[in-house]
Amino acid sequence: MAQHACELSFLSRSDGSALYSIGLNVALASVNGPGDVKVSNRLYNRSHLEVCYSPSTGHSMIRERALESVIMRTVEQAILVHLHPRTAINITIQEMQSDGLALSASVNAACMALLDAGIQMKTTFAAVTCCITPSGTVIIDPTEAEIQESVAEATFVFESSGEASVLTAHQDGRLSYEDFKKCLHHCQVASKDVFAFYRRMTEKKYQNEIES
Amino acid sequence: MLGGLESVRVVLPGDEVMSYNPDSSGGSIFLGPGLRWEDGMVRAAKAGLLKKTSRHLYFVDTHQKRYIPQRREYVIGIVTKKKGDIYKIDIGGSEQATISFLSFENASKKTRRDLALGDLIYGQLIVANKHMEPEMVCIDAYDRAMGMGVLPAGGVMFNVSLQVAREIINPDCPFLLTLSKKVKYTVVVGMNGRVWVKAAHQNSMVALMNCILMLEYMTPDEANEKALKLLEALM
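Residue numbers (the working numbering), protein chains in the order written: chain S, 178 to 389; chain Y, 58 to 292.
The hints are simulated quantities; they were obtained by calculation from the structure and are not laboratory data. A couple of the hints might just be wrong.
Lysine to aspartate or glutamate pairs mimicking EDC-like chemistry, simulated, CA-CA at most 20 angstroms apart [said to hold, decoys possible]:
no., chain 1, residue 1, chain 2, residue 2
1, S, Lys381, Y, Glu273
2, Y, Lys108, S, Asp213
3, S, Lys382, Y, Glu152
4, S, Lys381, Y, Glu95
5, Y, Lys109, S, Asp213
6, Y, Lys187, S, Glu386
7, S, Lys382, Y, Glu190
8, S, Lys299, Y, Glu192
9, S, Lys215, Y, Glu279
10, S, Lys382, Y, Asp278
11, Y, Lys139, Y, Asp96
12, S, Lys215, Y, Glu152
13, S, Lys381, Y, Glu63
14, Y, Lys108, S, Glu386
15, S, Lys299, Y, Glu73
16, Y, Lys138, S, Glu380
17, S, Lys299, Y, Glu95
Per the computed footprint, the stretches of chain S lying under chain Y, defined by three or more beta-carbons under 8 angstroms from a beta-carbon of chain Y, are [said to hold, decoys possible]:
no., region
18, 252-264
19, 304-311
20, 378-384
Ideal placement from N, C-alpha and C gives every residue a C-beta, glycine not left out.
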């Protein structure tokens, strides 16, 4: 598994932000909310979620819209949206560096930014990407080069509470049922490390208060 | 630990705090902000420090900047609009709060307190829940001002994180008193993370502002030690 690193409250003007890196992949997530919302987006019983994904180079196109949709549906399952009716929660993700794990880094950055902003959630969530080589080896957190050589890649987002269910699954390539289960199992094991990393980062944030 | 509170541990959303069944468990427990009770299990809903008081009140202390309006809290607001008999006040939440012109000391239908746009108001939230827009008043139940009302001109208002605001108004925290050893000043702290400071000279006000902002990054003890040195350097 690649090295995870994170810096919380990276942006001074956002309610919550996180600069998250997995190996050479870096994503910056900024969360603002619950705040004001346009009348057209106002929902009487819940908060309106908006995700904006910006690629590191070039304009935002269909690929970014697809990533926004995946991240939105993941985040929607975790945030307690019914606590903040008639508000909007904006999540903006800037892809700083990409080496194949843009989705994982973005989802994890979004989770840490939401924790930093203090938005109430049912659970935390962690994304793990893996790829399977032609010889059948599963590599967790592969590089772009390893993904190009692989037969298939899959990204799973797990929740931390309860039975660690899968919140989102995204798969590309040709996977047999057995291989799919193998990937899922490896990713689930790796997600425990990601949750442990979240806990260490949160403990670091509250270090000053714990000490006093 | 300040004030009889005990820090238990750092929690993340979804963490199980304890299981509680009203039928089988002995005494009652009280859940404060950041905790939810679902299916017999108390879980954390926010990332932060789980704390408990001696009277079985549990809550999660989160370091955050965004204010969610809460009833009975004292906040500093900025007047943004006048709509007939009501003023719209920005308190830093998702919706603006309203305040009636009658909600000031000695106000009556004949004698109005006219507020200009951009005035700072220190008041208490009497209505604040997820269903309704917040409402503020500047009088207490007996129609006395009790320090609330329009803040005088000439001070400086700045934003701090919510936990810093809570820290400095805690009676057990000596920080504001330490600052008063060097400078004579007036301070008003809103639970919405807004602090207003007024002193005789502008450089004192800027110095005080920077001292309070230090608390964002340091423990109260460290800040206490460095405060006087910083004031000396800046004034």
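Take the C-alpha atoms of S:Lys215 and Y:Glu152, compute the straight-line distance between them, and say whether it is at most 20 angstroms. 12 angstroms, holds
With a cut-off of 20 angstroms on the C-alpha distance, tell me whether Y:Lys187 and S:Glu386 pass. Measuring from Cα to Cα gives roughly 30 angstroms; hence the hint is violated.
Is the Cα-Cα distance between S:Lys382 and Y:Asp278 20 angstroms or less? Holds - the C-alpha atoms of Y:Asp278 and S:Lys382 are around 17 angstroms apart, at most 20 angstroms.
Hey, Y:Lys108 versus S:Glu386, does the alpha-carbon distance stay inside 20 angstroms? Status holds; Cα separation ~12 angstroms.
Take a quick look at whether S:Lys381 and Y:Glu63 sit within 20 angstroms of each other, Cα to Cα. With a Cα-Cα distance of about 19 angstroms, the restraint between S:Lys381 and Y:Glu63 holds, given a limit of 20 angstroms.
Tell me if chain Y covers the region 252-264 of chain S under the three-residue, 8 angstroms CB rule, please? holds (count 7)
Regarding the pair S:Lys299 and Y:Glu73, is the alpha-carbon distance no greater than 20 angstroms? 11 angstroms, holds
Holds or violated: S:Lys381 with Y:Glu95, Cα cutoff 20 angstroms? 29 angstroms, violated
Take the C-alpha atoms of Y:Lys109 and S:Asp213, compute the straight-line distance between them, and say whether it is at most 20 angstroms. Violated, because 33 angstroms separates the two Cα atoms, which is more than 20 angstroms.
Is the Cα-Cα distance between S:Lys382 and Y:Glu190 20 angstroms or less? 33 angstroms, violated
Mind taking a look at whether chain Y covers the region 304-311 of chain S? Criterion is 3 or more residues with CB to CB distance under 8 angstroms. violated (count 0)
Holds or violated: S:Lys215 to Y:Glu279, with C-alpha atoms at most 20 angstroms apart: Distance of about 44 angstroms is beyond 20 angstroms: violated.
Consistency note: the structure conflicts with the earlier hints numbered 2, 3, 4, 5, 6, 7, 8, 9, 11, 16, 19.
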